[in-house]
Amino acid sequence: MNSLSKYFKNKTFLTGACLSAFVLAFMLAGFFILPYDPNFTDASAKLQSPSAIHFFGTDSLGRDLFSRIMTGLRISVLIGTIVMIFGFLAGLLLGSVCGWFGGILDTVIMKLVSTQMAFPGILLALMLVAIFEPNIKVTVFVLCLMSIPRFTRITRSGYIKFKNSLFVQSARAHGAGNFRIMYIHILPNILSDLLITATLTFSMAILNEAGLSYLGLGVRPPYPSFGRMLNDAQHYIFINPTGVIFPLIFLIILVFGVNLMGDGISKVNGK
100 MNSLSKYFKN KTFLTGACLS AFVLAFMLAG FFILPYDPNF TDASAKLQSP
150 SAIHFFGTDS LGRDLFSRIM TGLRISVLIG TIVMIFGFLA GLLLGSVCGW
200 FGGILDTVIM KLVSTQMAFP GILLALMLVA IFEPNIKVTV FVLCLMSIPR
250 FTRITRSGYI KFKNSLFVQS ARAHGAGNFR IMYIHILPNI LSDLLITATL
300 TFSMAILNEA GLSYLGLGVR PPYPSFGRML NDAQHYIFIN PTGVIFPLIF
350 LIILVFGVNL MGDGISKVNG K
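Residue numbers (my numbering): 100 to 370.
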């Protein structure tokens with residue numbers, strides 16, 4: 100509890116946590132008080148300005164923006180969480196094996212990681228999505244692949260740094276095996292670096308998903324994605340600017356809040 104309180108004493112982390120909590124609370128409220136079906140169209144109510152009936156107005160098909168943003172947040176947070184957890188676990192496994200054991204396995208894995216990192220992530224995503232039929236499963240799969248290299252490199256460097264340290268030698272002298280040393284003794288010492296990487300991965304996954312959906316290669320209709328909402332609303336930006344403004348505000352708050360939490364963790368741990 101004390102270790103958690105030190106983060107909330109940091110203004111950067113606290114600001115990010117408050118912004119993220121606001122967006123998450125708004126998203127969770129949608130499970131209980133969703134005003135309209137986010138996919139229900141009403142031609143008589145299209146492109147309406149914010150009102151007591153439609154809090155954020157409506158889009159070009161008469162769909163309620165308030166409800167669509169609530170639902171779109173679920174998709175963004177779900178994708179960001181899946182990508183972050185997958186990248187964390189896969190990168191931890193690969194990076195720990197490379198950093199602890201080294202050898203030919205380390206060389207092969209790191210060559211593959213370096214090759215993927217040298218290739219722009221969004222181009223890799225566009226290529227893979229273009230090969231397969233664009234849908235939410237392909238989008239998540241592509242973003243998961245993109246998340247692995249960063250976690251792998253951070254983990255590997257941490258294990259190389261600590262594998263010859265005194266506490267590792269002491270644990271080995273007391274009969275600890277490789278698995279115990281790797282994940283009980285070394286892992287807690289690099290966890291803050293991995294958490295910082297996790298926040299960055301989460302926000303980048305959300306932005307990349309929005310970018311792919313904006314291009315029509317990510318989440319497909321009728322699912323409400325931020326990228327899809329922005330793409331649909333851009334044609335009517337001068338008629339009904341709220342169709343762009345409100346999705347953009349929530350996307351910025353979510354990404355900015357998570358990034359501030361990562362910066363706060365970095366400052367607290369002196370990284």
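Heads up, some of the hints might be wrong.
Once the Cα atoms are required to be at most 16 angstroms apart in a straight line, the calculated EDC-like pairs of lysine to aspartate or glutamate come out as [unchecked claim]: (1) K260 <-> D292; (2) K262 <-> D205; (3) K105 <-> D362; (4) K108 <-> D362.
So the derived label-pair ranges between C-beta atoms look like this [to be verified]: (5) Y335 <-> N234: 46 to 56 angstroms; (6) T114 <-> Y335: 28 to 38 angstroms; (7) A128 <-> L225: 32 to 42 angstroms; (8) L146 <-> P219: 51 to 61 angstroms; (9) R279 <-> H334: 53 to 63 angstroms; (10) A120 <-> A151: 22 to 32 angstroms.
Calculated directly from the structure, the hints in this document are not laboratory data. Using N, Cα and C, we set each Cβ at its ideal position, and we do this for glycine too.
Check whether the Cα positions of K260 and D292 lie no farther apart than 16 angstroms. Distance ~13 angstroms between K260 and D292 Cα, so the pair holds.
Can you tell me whether the CB distance of R279 to H334 sits inside 53 to 63 angstroms? holds, 59 angstroms
Range hint 32 to 42 angstroms (beta carbons of A128 and L225) holds or violated: Given a distance of about 35 angstroms, which is inside 32 to 42 angstroms, the answer is holds.
Kindly confirm whether 51 to 61 angstroms is satisfied by the beta carbon distance between L146 and P219. violated, 37 angstroms
How does the Cβ-Cβ distance of Y335 and N234 compare with 46 to 56 angstroms: does it lie in that range? Given a distance of about 26 angstroms, which is not inside 46 to 56 angstroms, the answer is violated.
Hint check: K262 vs D205, CA-CA at most 16 angstroms. Holds or violated? holds, 15 angstroms
Next pair to validate is K108 with D362; report whether the Cα-Cα distance is within 16 angstroms. holds, 13 angstroms
At the C-beta level, are A120 and A151 separated by a distance inside 22 to 32 angstroms? At 27 angstroms between Cβs, range holds.
Does K105 pair with D362 here, judged by a C-alpha cut-off of 16 angstroms? Given pair K105, D362 holds - Cα atoms ~14 angstroms apart, limit 16 angstroms.
Given a hint of 28 to 38 angstroms, does the C-beta separation of T114 and Y335 actually sit inside it? Given range 28 to 38 angstroms: holds, Cβ gap about 33 angstroms.
The earlier numbered hints that this structure contradicts are 5 and 8.
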